[in-house]
Amino acid sequence: MSTLAVQDHGAVHHGEDHGHHHHDTFLTKYIFSQDHKMIAKQFLVTGITMAFIAMILSILFRIQLAYPDKAFPLMETLLGRFAPGGRLDSNFYLALVTIHGTIMVFFVLTAGLSGTFSNLLIPLQLGARDMASPFMNMLSYWFFFAASVVMLSSFLVQKGPASGGWTIYPPLSALPKAMPGSGMGMTLWLISMVLFIASSLMGAINYVSTVLNMRTKGMDLWKMPLTIWAFFLTAILGILAFPVLVAGVVLLIFDRSFGTSFYLSEIVIGGSSVQPFEGGSPILFQHLFWFLGHPEVYIVIMPAMGISSEVMSVNSRKPIFGYHAMVYSLIGITVLSFIVWGHHMFVTGMNPFLGGVFMITTLIIAVPSAVKTFNWLATLWRGNIRFTAAMLFAIGMVSFFISGGLTGIFLGNAALDINLHDTYFVVAHFHLVMGSAAIFGMLAGVYHWFPKMYGRVMNEKLGYLHFWLTFIGAYLVFFPMHFMGLGGVPRRYYAFTEFVEWNKWLSVNVFITWAAIMAAVAQVAFAVNFIYSIFWGKRATQNPWQANTLEWTAPVEHVHGNWYGEIPTVYRWPYDYSKPGAEEDYIPQTVPLSQTMSSNVQHDFEDNPAGLDAYAKFTAAKKSSEEVK
Amino acid sequence: MGFKSLFSSKKMLALSAAFLLFGTNVLMAQDAATGAAADAAKPNVWLGAAYYVLLFVIVCFVVGIVGKILRVYDLTQQIQNKKAINWDNVMGALCLIFLIVGGYGAYWSLTVQGSMILPVSASEHGVKIDEMFWTTTVLTLIVFVITQILLFTFLFRYRYNAKRRAHFLPHDNTIEKVWTIAPAIVLTILVIFGFFTWQKITNSTDAKGEHSLNIDITGHQFAWELRYPGADDKLGKTNYKLVSGVNKVGVDFKDKSAYDDLQVDTMYLPVGKTVRLNIHAQDVIHSVYMPHFRVQLNAVPGLPTYFKFKPTMTTAAMRREVGDPAFEYLVYCNKICGGAHYNMKKVVRVVEETEYQAWLAQQKPYLTDQIKKDLKYAVVKPAETQNRLALNN
Ligand code: HEM
Ligand SMILES: [Cu+2]
Ligand SMILES: [Cu+2]
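Protein chains in written order, with full-length UniProt numbering: chain A, 1 to 629; chain B, 1 to 393.
Take the hints with a grain of salt, since some may be wrong.
[What the hints assert, rightly or not] No more than 16 Å apart at the CA atoms, straight line, and that leaves these computed lysine to aspartate or glutamate pairs for EDC-like: (1) A/K461 - B/E355; (2) A/K461 - B/D255; (3) B/K345 - A/E606.
[Said to hold, decoys possible] Cβ pair distances, simulated, as ranges: (4) A/N503 - B/N239: 41 to 47 Å; (5) A/F52 - B/N161: 36 to 42 Å; (6) B/Y104 - A/T260: 36 to 42 Å; (7) A/W514 - B/S115: 21 to 27 Å; (8) A/Q602 - B/K83: 50 to 56 Å; (9) B/V127 - A/L221: 50 to 56 Å.
The hints are simulated quantities; they were obtained by calculation from the structure and are not laboratory data.
C-beta: ideal position from N, C-alpha, C; glycine also.
The task is simple: from the sequences and hints, build the whole structure.
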């Protein structure tokens, strides 16, 4: 299984000097690194940076929503033509919303999350020396980096960044005359996205091939931690879904720049300027977009689910409840997520019968989600719960996933969606179930695997502070939004001042904004903790959380090839926590069953007749010796 | 040691209080100054921001000091062989507190903000939607409350205790089956309920003897245009190529049924009569959103759509219902469509049939003098053959 070249060169003498096969210069070590651990850190740092940028954008538009009539001279100083007179321009407001959404969904929760943890954990938890293709892995990061730069550079163009919403529906995004952001800004958005997808695909192909081909001895699929299952299925989703977005984006580029009419038809701009487009369909774009878009939301949440499962199992000192059910529900979600995209399009004028079908498939996908939730709860039940910062974030993830998932049941019902579509109810739904839950999964991962990445642990107390402020803040921000949605308040409105009946929501908007500011400020605690701990944090021991998985058998200091000497062999599943009869409350995957006779159970030998024999003999002997006594 | 930092923290608190007062004073003074002399020298834009930054720095300081105190306290306890702070207990307790306070917060939000949501449905199908909404709400709230309570009580109840071991429970097939099948059943019920409601709402054929009022609504940046059929009860055809400053929605006057079409400003609807909104868009996607009627459908260029509904409450009745004599039903645009997306409204008035007829009689035909002039003699001599010839030239 592990016969690839990368594996071999590491196995021999991976001692102190590995200068014999290549020299690490600053450039190859920190910049153009091909080491999966360094690439993971690159993804993480870029992802966090992008997250802070997107967060600041959101605070800007939240201020606008809370104080639509107030001028902030400082805004003009900072934003110039985008905030004339200290008040955000309405087009720029939409640009902020758009770029905030794009960065958060793609750059933070797709690349930042999968890129970091798939890269870090797939080789380390599976027992591989590196990724299947380290070079492609490096390219994946640099395409992502380029995509980030291009996306941010759109703030520098004259008419501002893309502003048609993160879903960039044409014709709005296709017609430069329709809004300023649909000019150069949109072009940059599309270029950035193409780069991003290339990055994402290179990463995903790597993850899949590594998982399939490079597992260490004994690591069969059913011994993989749930993190790996989640990253693996996420990568498959990405490989199947992202190319469809490329198709959609390329056709949009054609419509914008080469006069085709894939998405355009019967268009008159400005009440008199008849456009030459004929025969296209704007709905086609939505189909292509959401064929990616829906799997995309699961691309975002599944790694968070995997991370939370792992962190919760370790810190409740209990096996994850229903490991098989957890895997099957991930597989179920993966498959089903390809046939539900139409629930974003119930009211586009799509054939109502299709709407009915998508409603059925959508509500089916809620079942595996429910199973996962119940299994998490069962994992905590009668555990011995250690509140590490990572654990708190994993718990927060579960709480948010429940709250946000339940509102999905409203939205998945086409009849209810008639009145809820594109209101703040949707905003509340996806910020809880995706925004908050996935971010919390990611943060849980950062706190938990920080020792693996930087050899030091983050400050736990600051982590607590960070958790509670963010957790409470997120609920304060998003819970009230449900009611605005039920009050018929549309999303993506620059101001609600044009409608007297919405004055009553103004106080709610002010409240939400201040809650958001509090949550944003709380992130400073994280940033400080993160940066401080990288350099001056407490040094980590090899297995700081007493966990079972393979990454904690690797040395604290990073070595190229991950392990000195041979890669450890795996003998058991990763969740033997608090097994009755065992000395410690954890048994690493590398401990053979033959060394843990007192704690083995029948179940451990399901596909191992020889082992079962030995086990039967052992129990028989034990019984007879007990009888003698 | 501990006292020392405690002392210094007190000093910090006093200092921060002073800062707060001072900062507020400065800010106030600035406000007053700008108020008094509007065009005087530009106020320093950084001042307010600097004040908040300062506040923030102070907060950081306080947090840092509290952290230090905790550390010192912990260490001294350890030195004296007493128990240090048990953070697992603290966090467990916080989880419980969060559950209680958060539960109250959710209740508060549900009752206070929950009472600000849309009033009863003003359309026939909307009543069914609302019924389904409340069923779903009750079901999901039950699940929400139970799962969140379980989550946070488990956290408190099973917080770490060095003397205890967790219960090794890798799986339990029975209970897993139960909680796969239970949500499946509940969701199946919701789906069936929802599916038939959806079918009914979107069902397009007129019931026997039913005749719906056809209204054209066309979205463009950034307004809605309305067109009503005239005496013949038929809307004339449109063609986007005919759109111009005068012929706003591109009515094709080759179609005779277009002659008596009416151009209207406010969407008057007779109560209790089925309305068929024919929805068009000219430039980008818009969305006809009439939340009080539970009506929404996108307006897509090149893809005409329609939504049929029956208003059941007049504007007057709704004014009484919500206790606001100025209340108006509105059409909003609910699909991002550009800079003024947030201000694309049209007033809707549901009235009694007689009032509707009276209003209708006053509406101006779509075929204005200007359009007539543009079409030259075609309309002056409306004989069919001549008409066609004329237009073909
Ligand atoms: C419990 C299962 C879920 C159901 C039944 C569900 C259903 C829906 C539906 C029907 C919509 C469309 C609403 C509308 O635009 O009118 C929607 C929107 C959305 N959902 Fe979910 N959802 C579920 C879980 C999730 C999860 C797990 C995520 C992400 C992690 C997610 C992310 C989103 C996002 C991002 C949107 C909004 C997209 C946009 O319009 O900008 N949902 N959901
Ligand atoms: Cu979806
Ligand atoms: Cu619009």
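Distance restraint evaluation - B/Y104, A/T260, Cβ atoms, bounds 36 to 42 Å: violated (57 Å)
CB-CB spacing for B/N239 and A/N503 relative to the 41 to 47 Å hint: holds (42 Å)
Cβ separation of A/Q602 and B/K83, checked against the hinted range 50 to 56 Å: violated (42 Å)
Range agreement (Cβ of B/S115 with Cβ of A/W514, hint 21 to 27 Å): With a Cβ separation near 22 Å, A/W514 and B/S115 satisfy 21 to 27 Å, so the hint holds.
Range hint 36 to 42 Å (beta carbons of A/F52 and B/N161) holds or violated: Holds: the Cβ-Cβ distance is about 38 Å, inside 36 to 42 Å.
Beta-carbon spacing of B/V127 to A/L221 - inside the hinted bounds 50 to 56 Å or not: Since B/V127 and A/L221 have Cβ atoms about 52 Å apart, the given range 50 to 56 Å holds.
A/K461 paired with B/D255 [C-alpha distance capped at 16 Å]: violated (76 Å)
Given hint A/E606 paired with B/K345 - CA-CA distance at most 16 Å: Distance of about 67 Å is beyond 16 Å: violated.
Pair hint A/K461 and B/E355, alpha-carbon separation not exceeding 16 Å: violated (69 Å)
The earlier numbered hints that this structure contradicts are 1, 2, 3, 6 and 8.
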